[in-house]
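There are 2 protein chains.
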Amino acid sequence: MDMPATKPKSKLKLNELTATEIVAAINGGQTTCEAVVRACLERIEAREPAVQAWQYLDPKQAIAQAVALDKSGRRGPLAGVPFGIKDIIDTSDMPTEYGSPIYKGHQPRNEAACVALGRKAGGVLMGKTVTTEFANRFPGKTRNPFDPKRTPGGSSSGSAAAVGDCMVALAIGTQTTGSTIRPASFCGAFGYRPTYGDLRCSGVREAAGSLDTLGLIARSVEDIALYRDVLVGEQPVPVPEHAGALRVGFCRTHLWPEVETHTQALLQDAAQKLAKTGAKVSDVNLSAEFEQLVDTHLAISSFEFSRNFTYEIEHHWDKLSDALRKGRLQSGLSCTFERYRDARAFAAKCRHAFAALMNDYDVLLTAAATGEAPLGLESTGNAKPCLIWTTLHVPALTMPVFKGPHGLPVGAQIIGKHDGDRALFAAARRIYSALT
Amino acid sequence: MDMPATKPKSKLKLNELTATEIVAAINGGQTTCEAVVRACLERIEAREPAVQAWQYLDPKQAIAQAVALDKSGRRGPLAGVPFGIKDIIDTSDMPTEYGSPIYKGHQPRNEAACVALGRKAGGVLMGKTVTTEFANRFPGKTRNPFDPKRTPGGSSSGSAAAVGDCMVALAIGTQTTGSTIRPASFCGAFGYRPTYGDLRCSGVREAAGSLDTLGLIARSVEDIALYRDVLVGEQPVPVPEHAGALRVGFCRTHLWPEVETHTQALLQDAAQKLAKTGAKVSDVNLSAEFEQLVDTHLAISSFEFSRNFTYEIEHHWDKLSDALRKGRLQSGLSCTFERYRDARAFAAKCRHAFAALMNDYDVLLTAAATGEAPLGLESTGNAKPCLIWTTLHVPALTMPVFKGPHGLPVGAQIIGKHDGDRALFAAARRIYSALT
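Chains as they are written, first to last, in the working numbering: chain A, 12 to 447; chain B, 12 to 447.
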């Protein structure tokens, strides 16, 4: 077990700094891009045999980028910050294999918008992090950095493990169900899914486009906000202060029985703690129709996925996992267009109902996962706690504030309003300081 | 001038048949996939020097696909139908250059969903059709098949010209503003933009994802409906009959002064003709707020486009056209995220208002373009008549029912309800037969 984030600040190594701290240290002349990258590479060298977060990483290539940045003197808002990119996302100078043997050694010609924006801001692309097969369920090689016998979660397995293990300060994943929030929770990191549509997915292999978003993984709320500003193409500004008492809706959802007792207790304690520190906390019960979002999500995601992968189905069926063929593809190919269209319309209706409900709250507090990372590497865990929020297109953020019964990290997820991402960050800062 | 579609049916050559007719002839044993493909290739050989619709076409490769289909005896719903694919869309066995010298000779590893679905249905991919630069404004080499001194429209220039000129029965384009409807109108073809989100864009180079759709180009309403069924992954069913009197809203929009007088008169005559044949026709005035959709569309499309092309901006600025740099990119890079988000919210508001308005109509009748294809090849024409409908995410279809003052084709565009694509086809059939 290894919990670097609990060390006193004064003893932090360069690879343990947050992105915000790295940028300050480089701009202040206390360190260099190269020194930061080398510290991360040392960490990776030491830990990668156990964690296996990287699908592709060439230390020389990473150092060359850092050296060039130091030489140029060019300083963007991510100056010298090493970041990882989920291998479902195209990179112009590193292979991109989408977690599938079909694309072994594939080298894209162009570069995804999110990669190019990160580099434009001065970030150093360290390498490609492990994804499950096509960002679906079939796991890659990554292990949980806190216990190699446990899953890191998925599908953004390597991104969450690399950040949680202090190999890089930032990483990009994606989320179509719970593929950023769940692994971030399992790996002790902050994970953020933006309002649907905010961050460009050009160059990201589509799973189900009407649900897909990027997901950002970091080790502080400030870093999440910084990275988001870079990726929307804005000059970063500090996270605002939340004004007045925070209105928190504690929302168990109808999936509460799937959440482990220990995690239920942690969340209930957290709700009480927030109330004691001045937040207005009340229970929120979603109306019964929201329960249908589980089936709605399945119809939308499977229908779209199964059409998107027609080429692979037709030409590489034997190279697809059984998990994919008998899971997502089978359910998608048997879903009619009419059912899909109805599901899409139902989701739109729920989004309106949810917006009305959120007039009374700043954020909802809910489970990020059913508990700590389960034992075993054959499954990436239960994604359901994220599914309602993903389908609602609202922003979500998980923070590593709990420990499970085995001492492993468990996240608390907060849900914001559509288009209210910066307000969500403001609330997150307040909640994080109240709970830790 | 060459107007093959006006020939008597009995004298039609194989390349002049619609997709529906090709499928029937092949299934009925009257012809073979190879014979159809060879007829299309002959047409292309004769006409390509003047029209220049194709970015990539290898006759041997096309014939090989047809021969293999004939040998296999496999008969899908597009059995033996030759189709073209806009060169903004990835193909696994043909280069994809996105209309840009940056991607000269680029060979994708995978294949867009829409290509694979067309082939799965038995269609023959003839080749890649010319696109403007990144599906934006800077024109490719294609000329209008009815007058080589005139633009074919854009950005789906080659797709519209190839279908209008009977080189292929079907082609796929894309539409972010008016990139399918306008070229289809200019080239005498049927053009269809689906309800946003219906047809998968995986493997299509994104321009502005929250507006992008595929666009289908064909020579009959039945073919459009057939192709759409194939692309949503359904077993095709015939276009339904519209029940009762058709409620047609004649909608000039505030852009009416930009429509040429001759075209205005054609549309007004058409509205009267429809009324005389039993439709309930009335004028529809969109409320004043819809005028803002022009700026709204500009903000959304430019913001997204300018972020999506960060890699090209950073690494290949010198290979981008001046038109792109000083147009879309400049307006996009100067658009803040806040402005973008507000524009997106405003568009969503208008979509709701439009849905309410459409309770009183089956379709709206409106201009597809400002007139016939303008002289010159340096511009692809005025895209504004499509812009409102594109931003509203509703389905649209243009039909070649008019002739302009120079005898060139002009389309009539009809607009359907969100999710009402098949009802739009039913209305289109009735309107087409009333107007021709």
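Note that these hints are calculated values from the structure, not bench results.
These figures come from a predicted structure and were not determined experimentally.
Please note: incorrect hints may appear among the correct ones.
Claimed, not checked - Have a look at the derived ranges for each label pair, beta carbon to beta carbon:
| # | chain 1 | residue 1 | chain 2 | residue 2 | range |
| --- | --- | --- | --- | --- | --- |
| 1 | A | Ser345 | B | Ala254 | 26 to 32 angstroms |
| 2 | A | Trp267 | B | His117 | 35 to 41 angstroms |
| 3 | B | Asp371 | A | Thr272 | 51 to 57 angstroms |
| 4 | B | Asp353 | A | Glu300 | 46 to 52 angstroms |
| 5 | A | His327 | B | Gly387 | 43 to 49 angstroms |
| 6 | A | Asp333 | B | Gly40 | 46 to 52 angstroms |
| 7 | A | Arg433 | B | Ala286 | 34 to 40 angstroms |
| 8 | B | Asp353 | A | Pro159 | 43 to 49 angstroms |
| 9 | B | Arg433 | A | Gly387 | 43 to 49 angstroms |
Ideal Cβ placement from N, Cα and C applies to all residues, glycine included.
So, going through the hints one by one against the coordinates:
no., hint, verdict
1, A/Ser345 x B/Ala254: 26 to 32 angstroms, "31 angstroms, holds"
2, A/Trp267 x B/His117: 35 to 41 angstroms, "50 angstroms, violated"
3, B/Asp371 x A/Thr272: 51 to 57 angstroms, "56 angstroms, holds"
4, B/Asp353 x A/Glu300: 46 to 52 angstroms, "30 angstroms, violated"
5, A/His327 x B/Gly387: 43 to 49 angstroms, "46 angstroms, holds"
6, A/Asp333 x B/Gly40: 46 to 52 angstroms, "41 angstroms, violated"
7, A/Arg433 x B/Ala286: 34 to 40 angstroms, "53 angstroms, violated"
8, B/Asp353 x A/Pro159: 43 to 49 angstroms, "48 angstroms, holds"
9, B/Arg433 x A/Gly387: 43 to 49 angstroms, "47 angstroms, holds"
When the structure is compared with the earlier hints, violations turn up for hints 2, 4, 6, 7 and for no others.
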